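Please arrange chain F on chain Z, whose structure you already have, making use of the hints.
Chains as they are written, first to last, in the working numbering: chain Z, 69 to 267; chain F, 69 to 267.
Errors might be hidden in some of the hints.
Which copy? The list can't say, so a pair holds if one copy fits it or any two copies do.
[What the hints assert, rightly or not] Taking lysine-lysine pairs in the DSS-like style, the calculated list, with each CA pair at most 27 Å apart, reads: (1) Lys86 x Lys261; (2) Lys179 x Lys116; (3) Lys136 x Lys116; (4) Lys179 x Lys261; (5) Lys136 x Lys181.
Simulated from the structure, these hints should not be mistaken for laboratory data. Here the structure is a predicted model, which means the values were calculated and not measured.
Take a look at the letters that make up each chain.
Protein chains: 2
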Amino acid sequence: MMKKGLIISVSGPSGVGKGTVLAQIRKDNPGFGQSVSVTTRGPREGEKEGREYFFRSKDEFMKLVEEKEILEYDEYVGNFYGTPATPLFAMSDGGTDVLLDLTIAGSMALKEKFEQAVTVFLLPPSFDELRRRLEGRGTESQDIVDKRLLQSREEIVHADSFDYVVTNETVEQAAGDIEAIIRAEKLRYARNKGIEEAL
Amino acid sequence: MMKKGLIISVSGPSGVGKGTVLAQIRKDNPGFGQSVSVTTRGPREGEKEGREYFFRSKDEFMKLVEEKEILEYDEYVGNFYGTPATPLFAMSDGGTDVLLDLTIAGSMALKEKFEQAVTVFLLPPSFDELRRRLEGRGTESQDIVDKRLLQSREEIVHADSFDYVVTNETVEQAAGDIEAIIRAEKLRYARNKGIEEAL
Numbered sequence: 069m070m071k072k073g074l075i076i077s078v079s080g081p082s083g084v085g086k087g088t089v090l091a092q093i094r095k096d097n098p099g100f101g102q103s104v105s106v107t108t109r110g111p112r113e114g115e116k117e118g119r120e121y122f123f124r125s126k127d128e129f130m131k132l133v134e135e136k137e138i139l140e141y142d143e144y145v146g147n148f149y150g151t152p153a154t155p156l157f158a159m160s161d162g163g164t165d166v167l168l169d170l171t172i173a174g175s176m177a178l179k180e181k182f183e184q185a186v187t188v189f190l191l192p193p194s195f196d197e198l199r200r201r202l203e204g205r206g207t208e209s210q211d212i213v214d215k216r217l218l219q220s221r222e223e224i225v226h227a228d229s230f231d232y233v234v235t236n237e238t239v240e241q242a243a244g245d246i247e248a249i250i251r252a253e254k255l256r257y258a259r260n261k262g263i264e265e266a267l
Numbered sequence: 069m070m071k072k073g074l075i076i077s078v079s080g081p082s083g084v085g086k087g088t089v090l091a092q093i094r095k096d097n098p099g100f101g102q103s104v105s106v107t108t109r110g111p112r113e114g115e116k117e118g119r120e121y122f123f124r125s126k127d128e129f130m131k132l133v134e135e136k137e138i139l140e141y142d143e144y145v146g147n148f149y150g151t152p153a154t155p156l157f158a159m160s161d162g163g164t165d166v167l168l169d170l171t172i173a174g175s176m177a178l179k180e181k182f183e184q185a186v187t188v189f190l191l192p193p194s195f196d197e198l199r200r201r202l203e204g205r206g207t208e209s210q211d212i213v214d215k216r217l218l219q220s221r222e223e224i225v226h227a228d229s230f231d232y233v234v235t236n237e238t239v240e241q242a243a244g245d246i247e248a249i250i251r252a253e254k255l256r257y258a259r260n261k262g263i264e265e266a267l
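Chain Z with its partners taken away, still in its complex shape (with noise of 0.2 Å):
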């Protein structure tokens, strides 16, 4: 019986620490696969198609874009770059269980598109938490921390569109509570269909 790779997106509010939390898991499971964009830049020296990104023109990337083949996608100095959903389901059909790191928008893109992937919406502790973590670093005016404050605010209701809430209290416990959600969920019966018969 081979066993799929599961699918797993991590999302939350402007501020909360995503990147930080993903590198642990990454560091604690190397094996894990990630997406490969879809970029509409030419391809530059050394870089493969399907290795560093798909290399695809406007029109093919628009196209892909309205068959909700495109997950979520953001534009930077007259390109665009997108997480395209069929390699994923590629990596996983080949075992590999591949964590993402996709906006709100993205993760709620892939469950719709993909019932058996998992969404987890990683949560500040507290505003006042996410407050002094955007101040802290120091990099960004008051206006700049007042407006993604505002923006984290929005976003945090889509919280209720996700399998699971982990709250980034410290990065070992937000990477562990997610490390748990990716053991117990390999354990699901529904992903281990017919293994009672194998025995």
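Just chain F now, with coordinates in the frame of chain Z:
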């Protein structure tokens, strides 16, 4: 927001090693609640209603069985012993996590009565290994071992009615798997409704 305790039950075929795995989890988590049985035998010196047992007459007991308040029961030297549901819900409402050692039928009855309960089916790594474990005890005749193995094969088909399947390769791994399931289940959004508003 007062959080309810999780109700989780572990079942498995004859000889799988459920008792040892549960003892390990209880050792790691001394705060977990457990069920108090209902019995038709009279209280002994020092036994207190609701602590060692709930003491009921045979008529009362059979009425509880009819009402499906008793999830599973057994007879021992002329007296009945059963697991009642309501005290489990009371413990959970009080915020205590409840870990239950139930028969396969008991877990299925629990899930039917209370959908939010989490059920785990413990599997042996293989039937050869199950045979070795049963024979290794050295306390039972070959005839009894054969009967228990046959019983296990029949019991194992019910795994598909459970939420999770855990293979008992080692006590540490199986206990760790179930502890991950407990940690993860407590993070499900469905068990944390409104957490984002509470922020």
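Margin query: If the cut is 27 Å between Cα atoms, do Lys179 and Lys116 qualify within a copy, between copies, both or neither?
Written below: neither (29 Å within a copy, 51 Å between copies)
Notebook entry, point to check: Given identical chains, is Lys179 near Lys261, meaning Cα to Cα at most 27 Å, within a copy, between copies, both, or neither?
Noted result: Cα proximity of Lys179 and Lys261: in one copy and across copies (21 Å, 19 Å).
Checklist line | 27 Å Cα threshold - placement of Lys261 relative to Lys86 | finding: The answer is between: 21 Å across copies meets 27 Å, while 33 Å in one copy does not.
Next item on the list: Could you figure out if Lys136 and Lys181 sit no more than 27 Å apart (CA to CA) within one copy, between two copies, both or neither?
Entry: within (8 Å within a copy, 40 Å between copies)
Margin query: At most 27 Å between alpha carbons: which applies to Lys136 and Lys116, within, between, both or neither?
Written below: Answer is within: at 24 Å inside a copy they meet the 27 Å cutoff, but 63 Å across does not.
Checked against the numbered hints given earlier, the structure breaks only hint 2 and satisfies all the rest.
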